[in-house]
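Taken in order, these protein sequences are the chains called A and B.
For what it's worth, our numbering labels the leading residue of the first sequence as 1, then goes sequentially.
For what it's worth, our numbering labels the leading residue of the second sequence as 393, then goes sequentially.
Hints are supplied without guarantee of correctness; some may be wrong.
[Unchecked claim] Computed, partial: chain A to chain B, Cβ under 10 angstroms: (1) Q197; (2) S201; (3) A204.
Simulated from the structure, these hints should not be mistaken for lab results.
From a predicted model like this one, the values you see are computed outputs, not experimental measurements.
All C-beta atoms, glycine included, are put in the ideal place defined by N, C-alpha and C.
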Amino acid sequence: MSVQTPRDFEALEAQARTLLSVFIAAGHEAVAPPTIQPAAVFLDVVGESLRGRTYVFTGLDGEELCLRPDLTVPTCLLYLQRHPGPEACARYCYNGTAFRIQPEGADAAHPREFRQAGIESYGDLARQDAEAKTFALVLTALQQAGLRTWQLRIGDLGLFDAVLAAAEMPERWRRRLRHQFGRYEAFRAELKRLTTQPARSIGAIPAAVLEALEFDDPVGAEQRVADYLDSAGIELSGTRSLSEITDGLLSIAADAKAKPLDAATAAMIDCYLDVAAPARLAGTHLRNLLGKASPNIAAAIDTFERRVGLLEGSGVDMSTVEFSAEFGRNLAYYTGFVFEVVAPSLGRSSPVAGGGRYDSLLKAVGAPRQIPAVGGAIHTERLLAVVSGGKR
Amino acid sequence: MSAQLVFAVPSKGRLMEQTGDFLSQAGLELRKVGDARGYRGEIEGLGGIDVAYVSASQIVAHLNAGSAHIGVTGEDLVRENISNADRRVVFLKKLGFGYADVVVAVPQCWLDVDTVADLQAAAAAFRRTHGRSLRVATKYLNLTRRFFSANGLTDYRIVESLGATEGTPAAGTAELIVDITSTGATLKANGLKLLEDGVILRSQANLVASKVAAWPAETKKTRDAMLDRLGLAGQALF
Numbered sequence: 001m002s003v004q005t006p007r008d009f010e011a012l013e014a015q016a017r018t019l020l021s022v023f024i025a026a027g028h029e030a031v032a033p034p035t036i037q038p039a040a041v042f043l044d045v046v047g048e049s050l051r052g053r054t055y056v057f058t059g060l061d062g063e064e065l066c067l068r069p070d071l072t073v074p075t076c077l078l079y080l081q082r083h084p085g086p087e088a089c090a091r092y093c094y095n096g097t098a099f100r101i102q103p104e105g106a107d108a109a110h111p112r113e114f115r116q117a118g119i120e121s122y123g124d125l126a127r128q129d130a131e132a133k134t135f136a137l138v139l140t141a142l143q144q145a146g147l148r149t150w151q152l153r154i155g156d157l158g159l160f161d162a163v164l165a166a167a168e169m170p171e172r173w174r175r176r177l178r179h180q181f182g183r184y185e186a187f188r189a190e191l192k193r194l195t196t197q198p199a200r201s202i203g204a205i206p207a208a209v210l211e212a213l214e215f216d217d218p219v220g221a222e223q224r225v226a227d228y229l230d231s232a233g234i235e236l237s238g239t240r241s242l243s244e245i246t247d248g249l250l251s252i253a254a255d256a257k258a259k260p261l262d263a264a265t266a267a268m269i270d271c272y273l274d275v276a277a278p279a280r281l282a283g284t285h286l287r288n289l290l291g292k293a294s295p296n297i298a299a300a301i302d303t304f305e306r307r308v309g310l311l312e313g314s315g316v317d318m319s320t321v322e323f324s325a326e327f328g329r330n331l332a333y334y335t336g337f338v339f340e341v342v343a344p345s346l347g348r349s350s351p352v353a354g355g356g357r358y359d360s361l362l363k364a365v366g367a368p369r370q371i372p373a374v375g376g377a378i379h380t381e382r383l384l385a386v387v388s389g390g391k392r
Numbered sequence: 393m394s395a396q397l398v399f400a401v402p403s404k405g406r407l408m409e410q411t412g413d414f415l416s417q418a419g420l421e422l423r424k425v426g427d428a429r430g431y432r433g434e435i436e437g438l439g440g441i442d443v444a445y446v447s448a449s450q451i452v453a454h455l456n457a458g459s460a461h462i463g464v465t466g467e468d469l470v471r472e473n474i475s476n477a478d479r480r481v482v483f484l485k486k487l488g489f490g491y492a493d494v495v496v497a498v499p500q501c502w503l504d505v506d507t508v509a510d511l512q513a514a515a516a517a518f519r520r521t522h523g524r525s526l527r528v529a530t531k532y533l534n535l536t537r538r539f540f541s542a543n544g545l546t547d548y549r550i551v552e553s554l555g556a557t558e559g560t561p562a563a564g565t566a567e568l569i570v571d572i573t574s575t576g577a578t579l580k581a582n583g584l585k586l587l588e589d590g591v592i593l594r595s596q597a598n599l600v601a602s603k604v605a606a607w608p609a610e611t612k613k614t615r616d617a618m619l620d621r622l623g624l625a626g627q628a629l630f
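Full structure from sequences and hints, please.
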């Protein structure tokens, strides 16, 4: 699937012109962020695991740089450079190379350099409308480039958050579950742990400390932890403060005393995550399943259905769209609506396009506050391989 | 000349002595060729072998590039520096010296952190308070990344450290470390403790063969003669 001949190159260029012209006609300004990026931003936002998939190298002065693993983060940085002040609306599009380390023996659909064509919208407060437009525009571009059949899948992290919020449990347990979202086995294991034995073993914590935490008195607890460290000859060192350590201990002590998660609540979460249904029916299905659980969930289902309606209004054939509760895309920065486009000939392991909402990314890379953001990108080599039907 | 078997051994320190002792026990004597300060040698009474004295980490690079056929080096260095080690080298024998565990260690005062799962909880809380990830000082970038990823820890940043790693938490340049320890004494002296499930790798010096080096018949014959003398004949090789 790599571009090896001048003809391949020309075909890919022609396809890129088609895609970009669709984006530009819809009001997206074409931008070209730099290929070489500061690695720290990516490692902070996506996590250190990215290092295993990204070409990271060191500049002459020791700064860590990388070949961009996608164009979303570079486009965010470009937006922030242009609009450092109050949030402004901006819509961009791009076509450029991205780089990923691939394991030995990776298939042709996973090249280590490939071109992404995509769009990003920032600062648009009409959230569902912006999401529907983004998804519809990506589909229009794919169609213009000749893609005829596809499987479409959408997910909604907003719904997942609403379900978690409705489930009665301490906030720190919700964080534990949120952390495992998208990791099927690990999520189920964590859910099981919370319903049976939510506390970690306290065997390693000195008895004197545990006693000190018995009282419902954070300030006093801190003093007692300090006294213990002092008497045990352990120096308080490093950047984690005494109050942070005490908070950690208090959480553990609270877990040890807490009633495990109610089995019915766990079943509700489990049941939600199992939902996979045609998008048009999903709203009704979810309402029957969970609608009475909380006003929060009901509102999230309304939002979901409004988006489905907007998508339909934008000309997306919703009979081809499946909603999957478990679907969250494998990048940490998505916060709400997500989508992917799969070509039957390539399968789900190699989506032709994907995207979604990522409202906390801009703040994470330096914006003074959260800015609404939604985007989508097309893997152009895969698209070309599909539309040329393996003739190349 | 091209059929010579290149045998890479540590060029200095305890590892060099212990490698010499290990070979002596099998009746094989290392001898430098030419100047005693030189870096080339041979094995007495065993022809066809070029001994190359190389620094321990370079031995891994030679095995991975195929410029050495067999070498003596730590498993930690092999696992760190070769991404798919089992496809490129063969571990022939654990040598019983050069013991070093690659471990995760945190400040002793972290009474709330004894396991990797605790670390994940602490990392999440740390981000909420400080607006950034926990920093892990290490020279074992790949081992660290693979271990944390297999154990579900995602929110951390690696700070590359090439020396005095144990001092970084107290100095405030990292929150925790991944480093080698043999007795734990240095960790303790620096106010650090090992996590209960924080042993990433129990490493020791190994006799390692390169699968990617050129192995013409004559070199294989030399290899088999050498392994025979070391009591390793008949191993499934490549």
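Find the hints from earlier in the document that the structure breaks and name them by number, from lowest to highest. 1
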